[in-house]
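Make a model of the complete structure from these sequences and hints.
Just so you know, we're using this note's numbering here: the sequence shown kicks off at 1 and counts up by one.
Honestly, the hints are just simulated from the structure, not real lab data. Each hint should be verified, as a subset may be incorrect.
Label pairs and their computed distance ranges (CB to CB) [what the hints assert, rightly or not]:
| # | residue 1 | residue 2 | range |
| --- | --- | --- | --- |
| 1 | Gln99 | Pro125 | 18 to 26 Å |
| 2 | Arg49 | Asp16 | 14 to 22 Å |
| 3 | Arg26 | Arg89 | 34 to 42 Å |
| 4 | Arg145 | Glu167 | 29 to 37 Å |
| 5 | Asp157 | Asp58 | 16 to 24 Å |
| 6 | Asp16 | Glu167 | 17 to 25 Å |
Quick reminder that beta carbons are idealized off the backbone N, C-alpha and C, glycines included.
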Amino acid sequence: MTVRLATAAELPRLQDIERAAGEPFRALGMAAVADDEPPSLDLLERHRRADQVWVSVDGAGQPLAYLIHEEVDGAAHIEQVTVHPAAARRRLGSRLIDQLAVRAAADGLPALTLTTFAEVPWNAPYYARLGFRTLADAELTEGLREIRRQEGKIGLDHWPRVCMRREL
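Structure below.
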């Protein structure tokens, strides 16, 4: 598998990956997450133009997973990591995260951050295996607090969520 920056033509495929990846949440009683719309093409394009959308592609060059990031309070913040369920358990997500870590370190950023569901097996427990640790409330930066406020406004706080950090 190859990891590279996304192209504009691939953005609709990223939406398809997001829809497919939402379905497993339904089995956990999280239908609202499963039914959530993927990021808009406009939002994806803004991130793509800023070189903030990475894809993992198969041998034919088709995206199977993607990562969106931005800088938040001096860290590379992972907005989204999504792997198509048909491509699960191939380390695609971890390769995307590792690629971001290389880029962030080269840019002088000290860490990666993210917010995620605390009790979903492929969320916080997965990130912990990749070297992320859950942040205590006192450790949250203002940017992370704002992200959590926005998540609460759209109903994600219906399930326990955490902020996590991985030092580089």
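Each hint, compared with the structure:
Between glutamine 99 and proline 125 the CB atoms are about 22 Å apart, so this pair conforms to the stated range of 18 to 26 Å. The beta-carbon spacing between arginine 49 and aspartate 16, approximately 21 Å, falls within the hinted interval of 14 to 22 Å. Checked against the hint of 34 to 42 Å, the C-beta distance between arginine 26 and arginine 89 comes to roughly 19 Å, which is inconsistent with it. For the hinted restraint 29 to 37 Å between arginine 145 and glutamate 167, the CB-CB distance of approximately 20 Å leaves it violated.
Checked against the given bound of 16 to 24 Å, the beta carbons of aspartate 157 and aspartate 58, roughly 36 Å apart, lie outside it. The beta-carbon spacing between aspartate 16 and glutamate 167, approximately 34 Å, falls outside the hinted interval of 17 to 25 Å.
Checked against the numbered hints listed earlier, the structure breaks hints 3, 4, 5 and 6; every other hint is satisfied.
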